[in-house]
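From just these sequences and the hints, can you work out the full model?
Keeping their order, the protein sequence lines are chains E and F. The opening position of the first sequence corresponds to residue 0 in numbering that gives the first Met the number 0, with each subsequent residue numbered one higher. The opening position of the second sequence corresponds to residue 0 in numbering that gives the first Met the number 0, with each subsequent residue numbered one higher.
Derived by calculation from the structure, the hints in this document are not laboratory data. Certain hints may be false.
[To be verified] Coverage of chain E stretches by chain F, computed from C-beta distances (three or more under 8 Å per stretch; other residues unrestricted):
no. : region
1   : 0-7
2   : 31-39
3   : 241-248
No residue lacks a Cβ here, since even glycine has one placed at the ideal position from N, Cα and C.
Read off the chains here:
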Amino acid sequence: MRAFSYARARSVDDVLAGTRDGDVTLLAGGTELLNWARIGIERPHRVLDIGAIPELDTIEPLEDGGLRIGALAKLNQVALHAGVRSGYPVLAEAIVKSASAQLRNLATIGGNPVQRTRCAYFRSQDPATPCNKRRPGSGCAALHGLNDRHAIFGWTEDCVATHPSDPAVALACLDATIVTEHARGGRKLPVRMFHVLPGDDPAAHTVLRPGELITAIEVRRPAPASAYVKVRERESYEFALVSAAAAVELAGDQVISARIALGGVAMRPWRLEQAERDLIGLRAGSPEAADAVSAAFGEARALTSNAYKIPLARNTAVRALELAVMMS
Amino acid sequence: MGRSASTTVEGPAFCSCVTICLQVNGTGHTLDCDARVSLLDLLRERLGLTGTKKGCNRGECGACTVLLDGARVNACMVLAASADGREVTTIEGLAADGRLHPVQQAFIDQDAFQCGFCTAGQIMSAVGCLREGHTTSGEEIREWMSGNICRCSAYPQIAAAVAAAAAARGED
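Right, here's the structure in full:
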């Protein structure tokens, strides 16, 4: 690991002042940055530790019935929060199925969406391995290489990676917003648009600007009828092959609204927008409802080794929808 | 919604060498170290507390689990600098007055190890798991202990040890 210098921020203003002249890398939970520095994905010159900024880890209600979750709230703290568990079970489940208990005591809800792809070529320590996210313009080794865990939606020949976050999938399903501060003005970014698809920029992960600080994540009114299903090769402590977050509102057994987001299938949580529209008015659990979900996979495109993901993701989405209905 | 950075005097001061004050197993330490040093390396190399093991050094195996302000964490994923002002408990800090901690005793009673390399991390994780109350069923114990890998695969005995320690505390 190359040498770097370190400072601790005491306030948001400290961060804005500290990042003004660039070349500063923010450190929150540390569960990604330390590994990036170890394997050369990042070579930080100056590390600004934001982990001890007070009052950035609180979870409080919003006037519209939603919740404002401070960016430095630890993943376990969010998952075990009574208001999150009762109002947003899809988020609580997605978090508990992430990483391990120890990592969830370090990792923050604001840092989690900033994690980078687990593509083996991106994380390779072999400098000869092409990866457009490691070395823009070098190519994509996964396109014809090991791609059984890669994308079925939204990929291009320049990048076939997926985003690994579980919480981001739940947050995309909930239409959550990422709140930022920046020396030139903060923003409110929809989680659904936070990650960059390779068609827009194969080298990018997120739309964050240098020096931009995530201060909170806001979720709108509660979605108690919601669920998260994660499919993986072992029962715990593993990244998803595919996952699905679903939230529904019913009148009797008729669907009033449905939201479905998939994980492990694209470089961003993948909302099934057409299926969501088609589900309205259908009877929950009916063959027609399952058909509406199935139709969404017409645009899925398999790589050389991941065709299995198409039926798996379809079945996972149907299952998440069923579980969300059972919560209503 | 913009904030003016000009209201602050100067940005924080960056240093490649940091001074750290922390409590480890009840003893205060003040040390200077390189900013890159992990809490794990500080414990092992500077304080000689080699009970905390260095397995994968990337947050995947759990062998380096310690309690940081009472919460279990992977010491390899924490910069020593970030631990300034905080309390750390390692495996060396569990036994009191020459008596093993109940979780340590439960691991012996249940034969919950083979080679022993993961054991310190397993025990520290189990102590955290018990404090959190995630020990109400075998399934819950396996889920909340999944961050500790045992390549000898002593998992049934480890889960039994955690369950036994929980039962001894009257928590099940």
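Evaluated hints:
A stretch counts as covered by a chain when three or more of its residues have a beta carbon under 8 Å from one of that chain; for the region 0-7 of chain E and chain F the count is 7, and the coverage holds. Restraint check on the region 31-39 of chain E versus chain F: 4 residues with Cβ-Cβ distances below 8 Å, three needed, restraint holds. Taking a C-beta to C-beta cut-off of 8 Å, the region 241-248 of chain E contributes 0 residues in contact with chain F, too few for the three needed, and the coverage statement is violated.
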